[in-house]
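Here are the chains, one letter per residue:
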Amino acid sequence: MRGAFDSLSVGTFHQDKGELHGVTVVVDTDGPEVFVGRCHEVTPEGVVLLDADAHAVEAGAASKEEWVRRAARYGVWARHRHLVVPRQRVASIRRLGDVAE
Amino acid sequence: MPYSPMLVKPMREELTSAGVEELLTAADVDRWLGQRQGTALLVVNSVCGCAAGAARPGVRVALQGGARPDRVATVFAGQDLEATSRARAHFADIPPSSPSMALFKDGELVYFVPRHRIEGKMPQEVAADLAQAFERWCVAPSIR
Numbered sequence: 001m002r003g004a005f006d007s008l009s010v011g012t013f014h015q016d017k018g019e020l021h022g023v024t025v026v027v028d029t030d031g032p033e034v035f036v037g038r039c040h041e042v043t044p045e046g047v048v049l050l051d052a053d054a055h056a057v058e059a060g061a062a063s064k065e066e067w068v069r070r071a072a073r074y075g076v077w078a079r080h081r082h083l084v085v086p087r088q089r090v091a092s093i094r095r096l097g098d099v100a101e
Numbered sequence: 001m002p003y004s005p006m007l008v009k010p011m012r013e014e015l016t017s018a019g020v021e022e023l024l025t026a027a028d029v030d031r032w033l034g035q036r037q038g039t040a041l042l043v044v045n046s047v048c049g050c051a052a053g054a055a056r057p058g059v060r061v062a063l064q065g066g067a068r069p070d071r072v073a074t075v076f077a078g079q080d081l082e083a084t085s086r087a088r089a090h091f092a093d094i095p096p097s098s099p100s101m102a103l104f105k106d107g108e109l110v111y112f113v114p115r116h117r118i119e120g121k122m123p124q125e126v127a128a129d130l131a132q133a134f135e136r137w138c139v140a141p142s143i144r
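Protein sequences appear in the order of chains A and B. Residues in the first sequence are numbered from 1 upward in steps of one, following the working numbering. Residues in the second sequence are numbered from 1 upward in steps of one, following the working numbering.
In short, the hints are calculated from the structure, not lab data. Any given hint could be a false lead.
[Said to hold, decoys possible] The following label-pair restraints were derived from C-beta to C-beta distances:
1) 59/A / 6/B: 51 to 59 Å
2) 108/B / 70/A: 15 to 23 Å
3) 69/A / 110/B: 16 to 24 Å
4) 37/B / 87/A: 49 to 57 Å
5) 132/B / 87/A: 35 to 43 Å
6) 37/B / 45/A: 49 to 57 Å
7) 50/A / 89/B: 35 to 43 Å
8) 17/B / 62/A: 41 to 49 Å
9) 73/A / 25/B: 26 to 34 Å
10) 4/B / 59/A: 46 to 54 Å
11) 64/B / 87/A: 40 to 48 Å
12) 69/A / 89/B: 22 to 30 Å
13) 122/B / 73/A: 18 to 26 Å
Beta carbons are placed, not taken as given, at the ideal position from N, Cα and C, and that holds for glycine.
Please put together the full structure from these sequences, using the hints given.
This is the structure:
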């Protein structure tokens, strides 16, 4: 389990589906992928996102920061109705609304 | 599937009682957005908690300020499907979200507030965001 996930589990989330339930979040990984979607819940398996989109940094593609900044401006297309980011891949979770455009 | 009309009635009235015109059909939307002159705010209403806790009360507060759009209307996502779909076609490059708000000036989209900028906010914060946009886009140049 990563540090960011640890901190969320001790203070940020409530006993039910958590305070991020229904909130659009950015889930970053230590790898090339970053995810944006509506947080449904955080489970031992990972972060469950609804109406989510994902971006992977590849040659010629936007950086994670650029992609997230664009998402912060208008949101993301719901390319995945339901998506689970495995717990071991989660490096950080933050509200998309807190990201500067 | 749309919720019971009885359930959403107060959610509609929270905006209509503030003078917001309700657009129920695609024809309503075409008529309203077809009138391109001036400034117009379109509110995409929804049944979710952030619409109740932030978006609708935020719009009400913003409309009480000095600068405000010439016209304000609303479509209800998940309820008035045809009207909402037609409205979203007018800003088709923007991923759909609700609640959300679109400000038009002379028929062009000039400002958009997506759902994630409403989530977790206080009504006053949503109102302040809108008020800034109204100040920028809805005040006649001569009195700026």
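Legend entry - 46 to 54 Å as the expected CB spacing between residue 59/A and residue 4/B, which holds or is violated: 52 Å, holds
Inset, instruction - Indicate whether the distance between the beta carbons of residue 122/B and residue 73/A respects the range 18 to 26 Å. - result: Cβ of residue 122/B to Cβ of residue 73/A: about 22 Å, so the range 18 to 26 Å holds.
Inset, instruction - For the range 22 to 30 Å, tell me whether the beta carbons of residue 69/A and residue 89/B fit it or not. - result: 26 Å, holds
Legend entry - Range hint 26 to 34 Å (beta carbons of residue 73/A and residue 25/B) holds or violated: Hint holds: Cβ distance 30 Å, inside 26 to 34 Å.
Inset, instruction - Could you tell me whether the CB distance from residue 37/B to residue 45/A stays inside 49 to 57 Å? - result: 54 Å, holds
Legend entry - Range hint 35 to 43 Å (beta carbons of residue 132/B and residue 87/A) holds or violated: 39 Å, holds
Inset, instruction - May I ask you to test the hint 35 to 43 Å on the CB atoms belonging to residue 50/A and residue 89/B? - result: 24 Å, violated
Inset, instruction - Starting from the range 15 to 23 Å, see whether the pair residue 108/B and residue 70/A falls in it by beta-carbon distance. - result: 20 Å, holds
Inset, instruction - Evaluate the given range 40 to 48 Å for the C-beta pair formed by residue 64/B and residue 87/A. - result: Given about 46 Å between the Cβ atoms, the range holds.
Inset, instruction - Mind checking the hinted window 41 to 49 Å against the Cβ distance between residue 17/B and residue 62/A? - result: 44 Å, holds
Inset, instruction - Using the Cβ atoms, figure out if residue 37/B sits within 49 to 57 Å of residue 87/A. - result: 54 Å, holds
Legend entry - Cβ distance range 51 to 59 Å for residue 59/A and residue 6/B, holds or violated: 55 Å, holds
In terms of the numbered hints stated before, the structure departs from hint 7 and from no other.
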